[in-house]
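Asks: Residue strings, one per chain:
2 protein chains.
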Amino acid sequence: MNKNRLRACLMAGVFLSFGLIASAANAQSGGHDNLLTAIQQKAGEWMSPARTYDAQRFSPLDQINAGNVGKLQVAWTFSTGILRGHEGAPLVIGDVMYIVGPFPNTVYALDLNNDGKILWKYEPNQDPNVIPVMCCDTVNRGLAYGDGKILLHQADTTLVALDAKTGKVSWSVKTDDPSKGATGTDAPFVFGGKVFVGVSGGEFGVRGWVSAYALADGKQIWRAYSEGPDSDLLVDPAKTTVLGKPVGPDSSLKTWQGDQWKIGGGDTWGWYGYDPKLNLLYYGSGNPSTWNPSQRPGDNKWSMTIFARDADTGMAKWVYQMTPHDEWDYDGVNEMILADLDIAGKAVPALVHFDRNGFGYTLNRETGELLVAAKFDPVVNWASGINMDKASPNYGRPILDKKYSTEEQDVNHTGICPAALGSKDEQPAAYSPDTKLFYVPTNHVCMDYEPFRVSYTAGQPYVGSTLSMYPPPGQSNMGNFIAWDATTGKIVWSDPEQFSVWSGALATKGGVVFYGTLEGYLKAVDAKTGKELYKFKTPSGIIGNVMTYEHAGKQYVAVLSGVGGWAGIGLAAGLTKPNDGLGAVGGYAALTSYTALGGSLTVFALPQ
Amino acid sequence: MNKNRLRACLMAGVFLSFGLIASAANAQSGGHDNLLTAIQQKAGEWMSPARTYDAQRFSPLDQINAGNVGKLQVAWTFSTGILRGHEGAPLVIGDVMYIVGPFPNTVYALDLNNDGKILWKYEPNQDPNVIPVMCCDTVNRGLAYGDGKILLHQADTTLVALDAKTGKVSWSVKTDDPSKGATGTDAPFVFGGKVFVGVSGGEFGVRGWVSAYALADGKQIWRAYSEGPDSDLLVDPAKTTVLGKPVGPDSSLKTWQGDQWKIGGGDTWGWYGYDPKLNLLYYGSGNPSTWNPSQRPGDNKWSMTIFARDADTGMAKWVYQMTPHDEWDYDGVNEMILADLDIAGKAVPALVHFDRNGFGYTLNRETGELLVAAKFDPVVNWASGINMDKASPNYGRPILDKKYSTEEQDVNHTGICPAALGSKDEQPAAYSPDTKLFYVPTNHVCMDYEPFRVSYTAGQPYVGSTLSMYPPPGQSNMGNFIAWDATTGKIVWSDPEQFSVWSGALATKGGVVFYGTLEGYLKAVDAKTGKELYKFKTPSGIIGNVMTYEHAGKQYVAVLSGVGGWAGIGLAAGLTKPNDGLGAVGGYAALTSYTALGGSLTVFALPQ
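Line order of the protein sequences matches chains C and V. For the first sequence, our numbering assigns the number 608 to the last residue and increments by one with no breaks. For the second sequence, our numbering assigns the number 608 to the last residue and increments by one with no breaks.
Please note that the accuracy of each hint is not assured.
Unchecked claim - Below, simulated BS3-like cross-link-like pairs (lysine-lysine); rule was C-alpha separation at most 30 angstroms, straight line:
hint	chain 1	residue 1	chain 2	residue 2
1	C	Lys535	V	Lys71
2	V	Lys117	C	Lys121
3	V	Lys117	C	Lys535
4	V	Lys71	C	Lys117
5	C	Lys554	V	Lys535
Hints listed in this document are in silico derivations from the structure and should not be mistaken for laboratory results. For clarity, every value in this text was computed on a predicted model and none was experimentally measured.
With the hints as constraints, model all of the structure from the sequences given.
Replies: See the structure below:
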């Protein structure tokens, strides 16, 4: 079955019968690098933002293990030449490491055979006027690779493909308009000859989308918006399902007042997962704009939603909105982890997602069925749980506690947990198929939230709320690093951290899990118990994602340090007094006693 | 004998008979911290920029030695939050490390008991308009300590004393005027209740001076200019000597045309040495302004001069001008190392100085007698040697090669070695009393130099020459790290480096010598043979000075990385193409393949 035929089938609604086989075949063909095979065969490389398409951030390397990780030492280091928040993880393909920093998004190709000598450097020439429309620091979440190209989504929404050998621009395409507040911060995602990217701008009323571009030449293949008419959404009213039922016509339009969906947010700046057998792409959409809920009545679909889309056509197979009519800025963009789990004796192709709203969701990734939804931080109070009664008209919706509603504007709503930056933000969790546990970097923060009326002006902040953030009353830790059983929705162990854990986790075959802290520590803990086995103070706070690779027979662990991001914006922007300028800084002001701005790669290995 | 009495004696000309004993007694008294004793007793601390007053940069620590240095690993790191060139060395007093970065000269006190947690931070509020008058990157060469105070000479020429425990400002005083091009870049020098500082600004016609300020309250005690009337110079025409003879009246004035001395440079941005027995302070003065020699006929005294001054009064005991009527910008500010040497069977209280002009000088530091003067880079060609014939009227003067004179303006004088940044710039050498060798980080660079007429405007560049720098013809290395025998003026061994070695050296009792490279390597070599024993790639190029300390029974080695300074200004200011903007960048443009801007401390130790 060729692609056109497949697409025709989809349109004709016969997807369910042929889709699985057809799309798997499609992912394996096409004359491009067969990334799937390459990733499976090259355990020592790191070719995709989360290494594998299942987004497990698990490495089969085991040279570094629970028994010897305490002897880890720094092998080499590299300064990116840029301060501010360094999110994302390096890529390693062959003998070359690729890294990118925050604005201006300089990309380096570093020679692993020569202590990181710079093979090439790509310095985008970007208008600095994009900086003021980057909501939460000038971050970039990393690069992608495919078919000999390195993909970068620049702050100014230029998607650029660089020749991996030379750094020369192969093609570039503008994905959106920064003058309206749209920016590029996400790591592209590549497979099957396509590059997938989304857009940031929920604080500027930018309508979210995800697009597929041709890896060969940058031509746009499809674009699916988070809100708007069905033709913009790429949903089939009859075939696209929500919790097992068709979404029906105008599923988004009828949840917005008038044309509000046009400036309705639902941005798409997070992470992707992909199932090659189902040919489904998974990602989440962010907050509806503005943050003032009383200005936008309705469920505001499909903001705050998990999408499962056909990778070739963009057509949604299923959707699930976690936080209808958001009142707290609980973006739904966090990572989607694919894992085959055993739930109550049944093998389930699961999708696991730790949402900003504080609930960890386990769904059947083929059908979108909701299997588990439980708080991964006990402090969560805006909802008591998720309605799991399939017979209820509120099935799948959060059971709200009216006390923490922010519907009334010009009132300071206090004591809401979690804070706007969620029980977890973009910092991605990891999964170990050995322990069958998810390792989740979390925030442990509450807030006061005061919405106010705001008018929309293109390119101007469209936030409509002030907020103040602080640790849960009577507690001092603003974060925990937890192990989670997604089959039961239970915390298995929890390591408290003084500040939110804003670094992505790494699980390894060696029985060790790695993460970084805002003070700057790289930590290694036992995957089974959470016991700390190693820590090292890197130059600056860590909000990057830990990765591992093998070179010349030796396993390395690497992470970018460089404090910033939302939790570190206080330091990054020089706001270090509580509530100095940005209430959002809150309890993170104490970070100034631990670390300063930076931008460095630190690479670890066992001694010779 | 009290201080007033001492001063009276000096004025009366009886210095030679009483001075030695009197001033030694004075250095030991005075109610201040007895730094001399403290430094001698606390081998594990680093209280003064070069650790000891003799500026040997030698540590008696030997836990890290030639046998085990290969196992060195990184213990902890710290980002300063500032990019650009990081010169100077950390101080360690007790359990606290003190560091300072380039403009805006933020000072950190780091807790050695807690992985460098920030105990306090001092952030000067400086006018950024000082940046354009900082000739060669926005560097600062470090802090000094005395009497519970941390001393900082800010870029804006504010000398500030901070409480070492709290970081609170104890006092501050303005030493000069940045609006005329004067800046503070030097590390203060403290002893006997005084703080000694000088000034930068040779490229802006700033007249150089060194001052002593009271450590207690910042009151100026004396100021001695490099040029001008005898009363400004603090010379005694009859008693101050040059090569054993009195300097005579108006020794400076008569070597300048008219009032040119008022904008004559001779700045004082380098390092100090001090002999407590002689109570003599040693330092050098920089280039005469402008760089166009035809505009300033005469010897331009006392630019390019070593001064030996009484620390209490500032009165010069002797002077020696190394490069009369400079035609090449060969500043004389490099470090003055005090060592007791055996020269031809005679014990000599020596002063050893490696000048920008490419000659290594050994003098008797008590008398100013010139003992040895020899090229420490064979490529030096502007002079064939130094006239050592005491009977000659040119005794002590360089024997010039007219071919490399730059006297004729608007002509491009080519092939001059060394380049303007010298066979060595400010990067200080070290001395080991064990091997009796000096370890010298050197440049190996030549230049073309084209002087042009320039008019003086206060606060505007007053350079009057363009230049282009490159490795010596047919050679690829732009630097060497050498061992030097100062008793004979011979190179004992020489390790070539691709780029100039712009980091200060450290010699240790462990038989290991450390230095950093512009690519970012910290290197350890065998003190006897120069054999490389260890290297590690720090985040950015190293122009800081390596130091060592002991904490809780363990020896550490620390260095700031952060490429910049003159050699790295190309990277620091974004000029990375050869001759892009600043011809001075020249061959250093290739640095862009090895490192990027940064600002990090890296601390090393042996494994547990």
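Asks: All the hints need checking, so say for each whether the structure fits it.
Replies: To see whether the hints hold, each was checked on the structure:
1. C:Lys535 to V:Lys71: Distance ~19 angstroms between C:Lys535 and V:Lys71 Cα, so the pair holds.
2. V:Lys117 to C:Lys121: Violated - the C-alpha atoms of C:Lys121 and V:Lys117 are around 34 angstroms apart, more than 30 angstroms.
3. V:Lys117 to C:Lys535: holds (15 angstroms)
4. V:Lys71 to C:Lys117: The given pair, whose Cα atoms are some 23 angstroms apart, holds under the 30 angstroms limit.
5. C:Lys554 to V:Lys535: holds (19 angstroms)
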